[in-house]
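Student: Taking the numbering used here as reference, the numbering of the sequence shown is continuous, increasing by one, and the terminal residue is 313.
Since the hints were derived computationally from the structure, they do not count as laboratory data. Nothing here was measured: the structure is a model prediction, and the numbers come from that model. Virtual Cβ for every residue (Gly too), placed ideally from N, Cα, C. Take the hints with a grain of salt, since some may be wrong.
Have a look at the derived ranges for each label pair, beta carbon to beta carbon [claimed, not checked]:
#1 Ala248 / Leu12: 33 to 43 Å
#2 Asp77 / Tyr295: 19 to 29 Å
#3 Met54 / Tyr295: 41 to 51 Å
#4 Met54 / Arg165: 36 to 46 Å
#5 Arg101 / Glu13: 44 to 54 Å
#6 Asp216 / Ala124: 42 to 52 Å
#7 Gly89 / Ser20: 22 to 32 Å
#8 Asp270 / Gln162: 13 to 23 Å
#9 Pro39 / Arg101: 11 to 21 Å
#10 Arg165 / Gly281: 37 to 47 Å
#11 Asp108 / Gly225: 49 to 59 Å
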Amino acid sequence: MVQSGENNDFLLELYHDSMSCEPDALRLRTLRNLQQILPFNFAVWGGGRADDRMVTDLAVLDQSDAVLGDWEAVAHDDAFCDLTLTRLGQTARFDDVANYRRSFAYNDHWRRFDASHMMATITAEKSDGYVSFVGLCADGQRHAFSDTERAFKQALMPHLSQALRINRDLWTGRAAINSEAVAMIDRQGWILSRQGRFDEIATEEWGARLCAIPPDVMRTLTGHGVWHGRTGSARLSTFGNACFIHLASQPGLSLLTPREREVAKLYAADLTHRQVAAALGTSPSTVRNQLARVYDKLEISSKTALAALFRHP
Numbered sequence: 001m002v003q004s005g006e007n008n009d010f011l012l013e014l015y016h017d018s019m020s021c022e023p024d025a026l027r028l029r030t031l032r033n034l035q036q037i038l039p040f041n042f043a044v045w046g047g048g049r050a051d052d053r054m055v056t057d058l059a060v061l062d063q064s065d066a067v068l069g070d071w072e073a074v075a076h077d078d079a080f081c082d083l084t085l086t087r088l089g090q091t092a093r094f095d096d097v098a099n100y101r102r103s104f105a106y107n108d109h110w111r112r113f114d115a116s117h118m119m120a121t122i123t124a125e126k127s128d129g130y131v132s133f134v135g136l137c138a139d140g141q142r143h144a145f146s147d148t149e150r151a152f153k154q155a156l157m158p159h160l161s162q163a164l165r166i167n168r169d170l171w172t173g174r175a176a177i178n179s180e181a182v183a184m185i186d187r188q189g190w191i192l193s194r195q196g197r198f199d200e201i202a203t204e205e206w207g208a209r210l211c212a213i214p215p216d217v218m219r220t221l222t223g224h225g226v227w228h229g230r231t232g233s234a235r236l237s238t239f240g241n242a243c244f245i246h247l248a249s250q251p252g253l254s255l256l257t258p259r260e261r262e263v264a265k266l267y268a269a270d271l272t273h274r275q276v277a278a279a280l281g282t283s284p285s286t287v288r289n290q291l292a293r294v295y296d297k298l299e300i301s302s303k304t305a306l307a308a309l310f311r312h313p
């Protein structure tokens with residue numbers, strides 16, 4: 001039975017920790033504290049895309065990360081996931097799905113991880129198509145989660161989401177330098193928190209307020225750490241299981257002289273130094289020197305990164 005005093009103490013510590021712990025530590029610490037109130041053996045707290053059921057941000061307590069990494073193989077056949085996605089904000093249990101323990105998802109996946117019982121809540125986040133979830137799992141030695149325990153978890157879920165949002169906003173703000181535009185993103189590019197002029201610069205570059213960083217930009221950032229566009233530039237820094245993306249207004253290719261831009265455009269089109277030189281009536285060594293200046297001005301180090309700039313005319 002959940003006691004009101006335990007609930008109050010838990011919430012006080014939750015919001016206190018949201019102001020001091022890093023996001024990954026906050027989730028694990030909170031789940032550990034919750035384990036003192038509710039009977040579960042392991043837990044998952046994460047987020048991802050609802051449409052293709054891809055988990056892109058995850059904290060796992062007392063279990064292997066494979067509990068959701070391997071789950072992707074059965075994700076689209078999991079009736080329990082179907083139920084929780086159609087009842088956003090409502091806590092569901094395995095027992096709410098008729099004959100669930102006869103299903104492929106349960107027997108091929110959840111039984112392997114000793115999850116005889118689960119209660120989970122999925123909530124929609126501000127980024128369109130992105131959801132967060134908290135699932136508590138118990139093995140065969142535990143009783144099924146009671147109606148009281150389910151009601152407690154459902155009442156708790158808005159606090160868990162709010163505390164994590166406060167926490168991410170806090171750390172994103174700390175990552176910002178002066179008026180720098182910063183967003184916290186997961187490893188797939190979904191935006192978890194934003195500060196400063198991020199929306200303004202992103203809209204100027206991509207024409208819309210972003211829910212996620214464009215995939216081609218993420219590939220460049222992951223490979224090279226920096227990206228340059230028409231009107232802005234971005235750099236990436238890691239932060240636990242998440243990342244910070246720092247945006248800055250920048251003239252991009254307009255930093256180049258007309259000749260440097262001409263050389264860069266031909267080289268980015270997959271011509272060799274010799275072919276660029278022949279096309280422009282100059283020498284390969286001159287082309288190499290010009291490209292070195294181009295790379296230095298744009299703070300890039302590869303032909304792939306250069307080609308990416310010319311895909312944003």
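Student: Tell me, which hint numbers fail for this structure?
Tutor: 2, 3, 4, 5, 6, 8, 10, 11
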